[in-house]
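Residue numbers (this note's numbering), protein chains in the order written: chain A, 1 to 111; chain B, 1 to 114.
Take the hints with a grain of salt, since some may be wrong.
List time: in silico SDA-like cross-link candidates among lysine to any residue, alpha-carbon distance up to 25 angstroms [what the hints assert, rightly or not]:
hint: 1; chain 1: B; residue 1: K109; chain 2: A; residue 2: G40
hint: 2; chain 1: B; residue 1: K109; chain 2: B; residue 2: E14
hint: 3; chain 1: B; residue 1: K109; chain 2: A; residue 2: P104
In short, the hints are calculated from the structure, not lab data.
This one's a predicted model, so the numbers in the text were calculated from it and none came from an experiment.
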Amino acid sequence: NAGVTQTPKFQVLKTGQSMTLQCAQDMNHNSMYWYRQDPGMGLRLIYYSASEGTTDKGEVPNGYNVSRLNKREFSLRLESAAPSQTSVYFCASSLLREWQFFGPGTRLTVL
Amino acid sequence: DAKTTQPNSMESNEEEPVHLPCNHSTISGTDYIHWYRQLPSQGPEYVIHGLTSNVNNRMASLAIAEDRKSSTLILHRATLRDAAVYYCILRARNSGAGSYQLTFGKGTKLSVIP
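So that you can see chain A by itself, here it is in the shape it has in the complex (with noise of 0.2 angstroms):
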């Protein structure tokens, strides 16, 4: 099992463009979650995605979309990069209420 992965594992854009970040489980979790980690701090929840079909707004959505694309898959859109959204995003799945698995990260940066 490859578990959580995402891609790309890096990424440079320019502020006003656009990108999507992809994720994908192979654990047959319900719950999916998009998190951003800012230098020297812990992890804030941009979005979640409890069970398959539905999405939530987490602590720091604005400036983000996502789309939960069936059980595996739970995609992060950036709609027009801002300076603000340099961050490293992760990517965790769980079962329903259970403990978070994460993925490796993608470490944005917007100049």
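Once you've looked at the hints, dock chain B against the given chain A.
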């Protein structure tokens, strides 16, 4: 939301036990205590969780105070691979939206000295 307080950093010698404290004085009766750790340049990793009783697994032990206002993560023999940031997190037990969310603080950075 109930919050946790952890020391910013701790040091331990290799192969010695480590006790990582966490205060959560405003914990509610329905909150689980979760611990995660984050190794350098990696995503967080689940370590252990508990509600009222002490818990053991292959990675660590979790000691929960009788009044549940504090807990301690115990690594029985620290290795260099245990150097990481350790997060103590309260998670709602109920079925509402909050039960899905993990709120990460800054955690405790554990350094292991060879």
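Each hint tested on the structure:
1. K109(B) x G40(A): 11 angstroms, holds
2. K109(B) x E14(B): 15 angstroms, holds
3. K109(B) x P104(A): 19 angstroms, holds
When each numbered hint is compared with the structure, no violation occurs for any of them.
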